[in-house]
Structure formats: structure tokens, C-alpha cells
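Work out the full structure: start from the sequences and follow the hints.
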Amino acid sequence: MAARRPTRQTIAFGQEATRLRHETGLSRLDLAKRAAVSRSYVAQVENGTTRCRRDFAIRLDEALGTGTALTDAWDASVKASAHPK
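In terms of full-length UniProt numbering, the sequence shown opens at residue 1 and continues consecutively.
In case anyone wonders, no lab produced these hints; they're calculated from the structure. These figures come from a predicted structure and were not determined experimentally. Errors might be hidden in some of the hints.
[What the hints assert, rightly or not] Below, in silico cross-link-like pairs of lysine to any residue (SDA-like), each with a Cα-Cα straight-line distance of 20 Å or less:
hint, residue 1, residue 2
1, LYS79, THR7
2, LYS33, ARG59
3, LYS79, THR50
4, LYS33, LEU64
5, LYS33, LEU20
6, LYS33, GLN44
7, LYS33, GLY67
8, LYS79, ASP55
[As the list claims (entries may be wrong)] Derived DEER-like restraints, expressed as beta-carbon distance ranges:
hint, residue 1, residue 2, range
9, GLN15, ARG39, 13 to 21 Å
10, LYS79, ASP30, 27 to 35 Å
11, ILE58, HIS22, 17 to 25 Å
12, ILE58, SER81, 12 to 20 Å
The C-beta atom is built at its ideal place from N, Cα and C for all residues, glycine as well.
Put into C-alpha cells, the structure is as follows:
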């Protein structure tokens, strides 16, 4: 599979996910275990090389205890996208 180019929206979402993960003191591996995904998938989301689905944003919020912060950020990124789903 060819590497995807990060977009402004995926980079912004990834930065917010990274910031919130750092605030909780979790490593990518810890977050991956809590969200039942691989560490590399967490890295792809945080680096903006993939756009996760909304249900994953919800799982991240649950794993990090951040209420709806990442779900709201996901919703905002889709609205700002040139080609929303």
C-alpha cells in the first residue's frame, strides 16, 4: 500500500490526539492496548498519515478519559475536509 500524504485536517487531529495522550502520560503502546489497536495504527493517526473512523475517535476519548474532545475534533476535521464522507 502506498504511503498516504497527511492533510491539514489529519495533521491537526493527530496533533490533538498526541497532546491529549501526553497529558495522560501514556505511551503509544499503552494507548494502543487501551483502544485495542496496534501501536503503529496509533502512530499513523498521530502522524496524520491516515484518517481514522469516527468510532475510533470515540474509543480514543474513552481510552484517554477526554470526554468528547477527540470526537469533536474528528467531526470538525470532516466538516473542514474538501471531500467529507
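Evaluation of the provided hints:
This hinted pair checks out: LYS79 and THR7 have alpha carbons roughly 14 Å apart, not beyond 20 Å. Distance check on the hinted pair: LYS33 and ARG59 sit about 11 Å apart at the alpha-carbon level, within 20 Å; holds. For the hint pairing LYS79 with THR50, the CA-to-CA distance comes to about 17 Å; that is within 20 Å, so the pair holds. Annotation: proposed proximity of LYS33 to LEU64 holds, straight-line Cα distance about 12 Å (limit 20 Å).
The suggested pairing of LYS33 with LEU20 holds, with an alpha-carbon distance near 16 Å, which does not exceed 20 Å. Pair hint LYS33 plus GLN44 holds up; C-alpha atoms about 15 Å apart against a cutoff of 20 Å. A C-alpha spacing of about 19 Å is found between LYS33 and GLY67, which places the hinted pair at or below 20 Å, so the restraint holds. Distance restraint check for LYS79 and ASP55: the Cα-Cα separation of roughly 16 Å lies within the 20 Å cut-off, and the hinted pair is therefore satisfied.
A C-beta distance of roughly 18 Å is found between GLN15 and ARG39, which places it inside the suggested range of 13 to 21 Å. A beta carbon spacing of about 30 Å between LYS79 and ASP30 agrees with the range 27 to 35 Å that was offered as a hint. Against the hinted window of 17 to 25 Å, the Cβ-Cβ separation of ILE58 and HIS22 comes to about 20 Å, which satisfies the hint. Take ILE58 and SER81: their Cβ atoms lie about 18 Å apart, and the range 12 to 20 Å holds.
Against the hints set out earlier in the document, no violation occurs for any number.
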